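Undergrad: This is what each chain is made of:
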Amino acid sequence: MATTDSNLPPDRTPTYGVLSRSLMQGLLSFQNYSILSIRAMASIFTPPHYIGDLLEQMDIIGVGSLPVILITGFFIGAVMVLQTATQFARFGQTALTGDAVSIALVRELGPTITGLLVAGRNASGMASELGSMLVTEQVDAMRAMGTDPVRKLVTPRVLATILMLPLLVAMSDLIGLVGGFFVSFLTLHLNSVEFWTRAINSLDFSDLMQGMTKPLFFGFILSTVGCYKGLSVTGGTQGVGRATTQAVVISSVFIIATDVVLTKLMLFFSGHAL
Amino acid sequence: MNSALQIVEKPATDAPSGPVISFEDVHLGFAEGEVLRGLSFQVAQHETRVLIGESGTGKTLALKLASGLLQPDSGRVLFSGRDLSRLTEDELFDLRRRIGFVFQEGALFDSLSVADNVAYRLHEEGQDEEKIEARVNEVLTFVEMSDALDRMPSDLSGGMRRRVSIARALASSPDVVFYDSPTAGLDPVTSQTIITLLLRLRDTQGVTALLATHRLQDAFAMANYRFDPKSSRIVPFTKDETARDIGEIKFLFLCEGKVYFEGTPQAVLDSPDPYLKKFLV
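Sequence lines, in order, name chains A and B. Mapping to my numbering: the first sequence position 34 is 332, numbers consecutive. Mapping to my numbering: the second sequence position 191 is 537, numbers consecutive.
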């Protein structure tokens with residue numbers, strides 16, 4: 299079959315068409331995501347409020363994620379000590395292990411790892427739950443009965459994640475330090491006073507602010523992405539699976555990218571910027 | 347068996363003088379192409395209008411447009427004289443509280459029990475718990491599902507899910523009920539049970555209804571039978587009764603996104619049109 303593609307003007311080539319459609323699709327998705335996020339946040343301030351749904355989501359996201367956060371937090375603290383201690387041992391400064399573990403956990407690893415774990419557990423859960431509701435017409439049924447699905451389904455999930463993630467990060471930081479101390483005690487023979495004194499004294503207020511501010515943003519990102527992917531499912535049950543995967547991938551990438559920006563901003567405002 | 351549901355009188359302002367639902371040259375398309383291509387019809391108050399058509403002719407879309415769940419690309423959909431495309435989402439939520447919608451697969455909330463599904467809208471309206479419990483019992487008795495209060499939707503058969511869905515649609519005494527293929531995929535006995543419920547609802551409540559179906563036997567059942575509250579049985583209409591009690595029933599056949607044929611059951615039977623004959627086989 300003869301093709302006339304080479305005769306098309308540059309702005310009408312197939313490649314241009316594909317790129318143009320992809321860009322338009324991307325922009326449209328971002329617009330719809332933004333509208334959903336704004337509506338979800340705006341619904342916090344106007345009635346009706348679904349307090350029961352909020353508490354249920356806080357239980358699912360907060361209490362439900364606690365075991366995995368505690369277990370991984372413990373091992374991350376432990377492995378941090380193992381890695382840093384070998385470097386500090388070269389200079390005979392193993393006592394600084396507590397400082398390094400504490401700062402790394404509170405500033406960076408606690409919020410980021412917790413954000414990624416909750417994204418893997420809950421952004422996927424939100425996408426699959428809302429996606430299933432969408433393909434079985436439960437979301438339409440809700441709208442048909444006069445209920446705003448954003449207010450009923452999205453807002454409680456977003457608010458619950460924003461409220462619970464800092465608490466999970468605090469637990470992760472604490473148990474990470476416990477894991478670090480456990481390994482320090484066994485391998486470096488640091489006593490508890492030495493480890494905990496250095497670990498606590500090495501932190502200042504800006505470190506805590508950094509560690510507790512990041513999860514607010516991470517919680518917003520993972521919950522809104524999870525809900526958006528769930529409520530934009532197409533293609534039946536196969537689409538639900540696709541949306542679940544995309545929710546985890548997109549929210550994880552967004553969390554890490556946002557972490558870079560937030561870290562730079564917070565170091566700047568705390569006077570530690572390079 | 348309690349067949350007499352309490353009819354909640356609506357304020358006089360809710361009663362439209364013209365048609366309850368009006369489609370005016372409605373077009374709607376998706377990426378795959380245009381589905382509705384100039385759909386126009388009206389549904390009068392207390393009328394049960396039957397939309398018949400093959401899969402993909404736009405029956406479900408018509409119901410979703412009529413309830414404001416979708417907006418047309420062009421044309422107008424009027425509900426009680428109000429153009430739905432001019433209403434805000436919040437205004438649509440208010441308007442939909444007057445509508446009961448029975449979805450094709452029931453669309454029951456998986457995480458809620460049967461009782462909570464039926465009570466959903468009443469809880470949303472902030473009604474008193476005692477009143478809610480009484481109403482839930484009443485409508486579940488109407489659909490003969492009063493023993494399933496605490497069961498979860500996943501434990502119910504297809505027919506039971508449809509019956510609970512009908513109960514949920516009735517719970518807040520809506521003015522208008524939309525049925526989306528309520529007998530699709532059900533065995534003949536269960537289908538008959540569902541149609542019996544629809545007849546009872548029409549003849550005891552007088553609701554305005556839009557029934558989408560691809561089964562002509564359902565449409566003829568709606569046209570030829572009525573529910574007799576005294577005997578609690580389905581009995582055939584006489585011709586006089588049909589005209590006197592529920593007005594003339596008209597079938598609306600959809601084909602390629604627009605009205606293909608509109609007429610009485612007898613006109614359908616008398617028509618030599620091959621598309622209509624396909625439904626009679």
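Derived by calculation from the structure, the hints in this document are not laboratory data. These numbers were taken from a predicted model, which means no experiment stands behind them. The beta-carbon is built from N, C-alpha and C at its ideal position, and this holds for glycine as well. Just so you know, not all the hints are guaranteed correct.
As the list claims (entries may be wrong) - Here are the computed distance ranges between Cβ atoms for each label pair:
1) R337(A) with H373(B): 51 to 57 Å
2) D496(B) with P346(A): 23 to 29 Å
3) L565(A) with E378(B): 49 to 55 Å
4) V361(A) with R383(B): 34 to 40 Å
5) I349(A) with T487(B): 28 to 34 Å
6) F328(A) with A377(B): 18 to 24 Å
7) R497(B) with G362(A): 23 to 29 Å
8) H373(B) with L565(A): 53 to 59 Å
9) T511(A) with T487(B): 36 to 42 Å
10) I349(A) with R383(B): 23 to 29 Å
11) K624(B) with R337(A): 43 to 49 Å
What the hints assert, rightly or not - Pulled from the structure, derived: some chain B residues nowhere near chain A, Cβ distances all over 12 Å:
12) S413
13) D440
14) S459
15) R467
16) H469
17) S511
18) Q563
19) L615
Undergrad: Look at each hint and say if it fits the structure.
TA: Checked hints:
1. R337(A) with H373(B): 51 to 57 Å: violated, 28 Å
2. D496(B) with P346(A): 23 to 29 Å: holds, 26 Å
3. L565(A) with E378(B): 49 to 55 Å: holds, 51 Å
4. V361(A) with R383(B): 34 to 40 Å: violated, 53 Å
5. I349(A) with T487(B): 28 to 34 Å: holds, 32 Å
6. F328(A) with A377(B): 18 to 24 Å: Given range 18 to 24 Å: holds, Cβ gap about 19 Å.
7. R497(B) with G362(A): 23 to 29 Å: holds, 26 Å
8. H373(B) with L565(A): 53 to 59 Å: Holds - the Cβ-Cβ distance for H373(B) and L565(A), about 56 Å, lies within 53 to 59 Å.
9. T511(A) with T487(B): 36 to 42 Å: violated, 56 Å
10. I349(A) with R383(B): 23 to 29 Å: violated, 47 Å
11. K624(B) with R337(A): 43 to 49 Å: Since K624(B) and R337(A) have Cβ atoms about 45 Å apart, the given range 43 to 49 Å holds.
12. S413: violated, 6 Å
13. D440: Its Cβ does come within 12 Å of chain A, the nearest being 7 Å, so this is violated.
14. S459: About 15 Å separates S459(B) from the closest Cβ of chain A, which puts it past 12 Å; holds.
15. R467: At roughly 5 Å from the nearest Cβ of chain A, R467(B) sits no farther out than 12 Å, so the non-interface label is violated.
16. H469: Violated, because the least Cβ-Cβ distance between H469(B) and chain A comes to about 10 Å, which does not exceed 12 Å.
17. S511: violated, 8 Å
18. Q563: Given that every Cβ of chain A is farther than 12 Å from that of Q563(B), nearest at about 25 Å, it holds.
19. L615: L615(B) clear of chain A: closest Cβ-Cβ about 34 Å, beyond 12 Å.
Checked against the numbered hints given earlier, this structure breaks hints 1, 4, 9, 10, 12, 13, 15, 16, 17; the rest are met.
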